[in-house]
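Novice: From just these sequences and the hints, can you work out the full model?
Protein sequence lines correspond, in order, to chains A and B.
If you read the first sequence in the working numbering, its first letter stands for residue 1, the second for the next number, and so on.
If you read the second sequence in the working numbering, its first letter stands for residue 505, the second for the next number, and so on.
Treat the hints as calculated values from the structure; they're not laboratory data.
There may be inaccurate statements among the hints.
Below, computed lysine-lysine pairings styled on DSSO-like, alpha-carbon distance capped at 30 Å [said to hold, decoys possible]:
#	chain 1	residue 1	chain 2	residue 2
1	A	Lys362	B	Lys553
2	A	Lys351	B	Lys553
3	B	Lys553	A	Lys388
4	B	Lys538	A	Lys368
5	A	Lys421	B	Lys667
6	B	Lys538	A	Lys443
Part of the chain B face toward chain A, derived, beta carbon under 7 Å [unchecked claim]:
#	residue
7	Leu551
8	Leu554
9	Leu562
10	Pro566
11	Ala569
12	His594
13	Asn596
14	Leu598
15	Val633
16	Lys636
Backbone N, C-alpha and C fix where the C-beta goes; we use that ideal spot for every residue, glycine too.
What follows is the residue order along each chain.
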Amino acid sequence: MSDETVPAAGDSSGLVNGFVSHGDSKTRRVYETARSVHSGSVKDLLSLGVCERCIFRLVAVEAFDSDLSSVSTSTLRSWIQSGDDETGSSESNCSRICIICLGILQFVFSDAAAEKKLVKSDTSSDYVARVTDLVKQDRHDFDSFGLEVSVPSTIMDNERAVLSYLKEKYSTEGWLQRDKISVKDALKVLILDPLKASLGAQSDSSSFHIRLTYSEASDEALGVSKTTHESKRRKTDAENGSNCISENSKVYEPCIFSVHCNKMPIFFSGRYFKYSRNVSQSRWIIDDERMGEASVEEILGGNILPACLGDSYKFHAAGREDIDVRMLGSGRPFLIEVQNSRQCPSEQSLKEVEEKINYSEKKLVGVKDLKCIGSQCWAMMREGEAEKQKQYVALVWIARPLEEKDFNSISSLKELKILQKTPVRVLHRRSPLDREKIIHWMKVEKIKGHSHYFLLHLCTQAGTYIKEFVHGDLGRTTPSMGSILGCRAEIIQLDVTDVKMGDE
Amino acid sequence: MEEIQRTEVTKNPEIEDIIELTKQSVEACDEQQKQQAQEDGEDEDELRKLLLSDIGELPLIPPSATQINFVSYFITDFTKSGHDQYIYRHANGLCVIGLAPTHIAFKDEGGITNVDFNVGKSDRSVLKVSGKRKKNALRSESNTALCKVSTAKDSYIVRCCVKGSLLEVNERLITQPELLNSSADREGYIAIIMPRPADWTKNKESLITLEEYKEKKEKVFMIQSAETLEPCLL
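Specialist: What follows is the structure, encoded as structure tokens:
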């Protein structure tokens, strides 16, 4: 009888026992391995309720590999069973969920995306088609993917129990000692090649991941505690050995199956301008009320996100300015990190995003040099941080009229060292420290028609509190504009005019 | 010079081409530089326009940083008559404590001459508060003593008025007590306290606003000026 069931070429759809002469070498190899397995253990495992592919995994001498992907469940069963096997029991077996893999390697599951409909199939092709459908629904644009599989932890316990039963009964058998491929890896091996073909993509450790998740049906409602309790119970079963295995009449339910696609975040860099004194840098909400009328973060992220068809974004900037301080001059470098983008926007669409922001009605924020950037983005951001110099223009009022000598006394101060105690306005959330900072240069510019007001241009070390340098912060910043000019000084408004970066 | 050069050059037409090209690229460079300078100039003009565009009405005396960022509260006759203090509360909850202009210490001839933070159980000027959580800050009640200010005539205890963590005292007053005489409401502040939100809500009830303070003290000044013909402090 065994001579009649020689494997056919390719898939065995429609052919239950695979007739027809010369099969291809792959399935022939599987056939030969299947025929040579230890028949006693196969009978045992089948009656315990272990599925065909798990049996092949645990008992076969040859490795479990992709050659198996085209062999249907029923074909495999007929090959591993010896000729004089009772066909009766094999039929009743085929409807039982495997006690080890819970139906995963039998392509039996509850489809989470189809109202948990029970799905059964004999071969991997329907399964691969379903995965392909679900991946395509997510509209990701990809050339390659990484495949991840997540299975319930109880599967390991199930396997351990069966293996210890086998070891006790067949302790002398050589094939027992080999390492067994896990259910997770076995599934990957079975479907990777057909999935690659079906999706038209390569497989590698890419930035795009497809995750196949199986979760236990019964534990879903009850949460973790039951799982750990059950797995503890199963562990003691395994230790007790064979008795518990054969007495175990538990009905196993198929797992709930779902597919999730995730793309690693992509980054955009550029420089932004802030023209409004009522726009915060990042989203600022206190007691359900927004501070300011908008935020740079939301204007930039809110326009880039739709162009990427992403899930969410994160905003990172090289430094920050207060809500009432404008960011002018060359702009401030920033990064937008987009989670799970479905497509990488073209240069054209990035230009359109720039235009949308720059020509918007209110003109609160501006952007330039917007582009997609790779992993070097973080190095770029670090550059804008602590060591760099910043340039500002402040509108200053003093209690006495500006005099000729003031111009010189201010501009002659180069590399002026100042000591700033943590400003009162941030003292609630920052450490009380004395920070030494350097004012590299200053220049006074008269304002026509006003003797008590002037424009102060200054270039300072990063991290200097400019407002406190002007008004003195109750004497906690020394020297200050007031102490240098010998009178009370107040800052009316502030603009950032340059954020120097690296080699610019 | 140029003429000589030209005659020599025409002898070799190839070199002439090269020189011509070089001249052109030098001119192009100059053009570029001029253009860049012009662009820079334009950028600067743009910037200036932006900088000056915002300057609208400029008041003669603008509100001070304290007036903008803090809400002023006062407490009068705290534990003792004439012990008037201010509590400037920032939007972030921190309170700056100091002597109100009507504090009796200012009435003494010569004003305040000495400030000593060594009162109560410890010297307040040596406390070292560290970290965001403000570790080691003195937990003070409203009547906890902050310092003792002395004049030629007498000395007076200044207290917290607010229950909370003492973050900082103005140790500059030790070496420059005259700051209290010249600017008690700015550089002459006494201390910074961080009250818990619940404590502040309760505390607030015993404090009065700037308006109420002016009203209260106006009466005193009216009487004073009538008696002594001295100008009002406020």
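Novice: Next step is simple, just say for each hint if it's right about the structure.
Specialist: Evaluated hints:
no. : hint                   : verdict
1   : A/Lys362 with B/Lys553 : holds, 18 Å
2   : A/Lys351 with B/Lys553 : holds, 26 Å
3   : B/Lys553 with A/Lys388 : holds, 26 Å
4   : B/Lys538 with A/Lys368 : holds, 24 Å
5   : A/Lys421 with B/Lys667 : holds, 23 Å
6   : B/Lys538 with A/Lys443 : holds, 26 Å
7   : Leu551                 : holds, 6 Å
8   : Leu554                 : holds, 6 Å
9   : Leu562                 : holds, 6 Å
10  : Pro566                 : holds, 5 Å
11  : Ala569                 : holds, 4 Å
12  : His594                 : holds, 6 Å
13  : Asn596                 : holds, 4 Å
14  : Leu598                 : holds, 6 Å
15  : Val633                 : holds, 5 Å
16  : Lys636                 : holds, 6 Å
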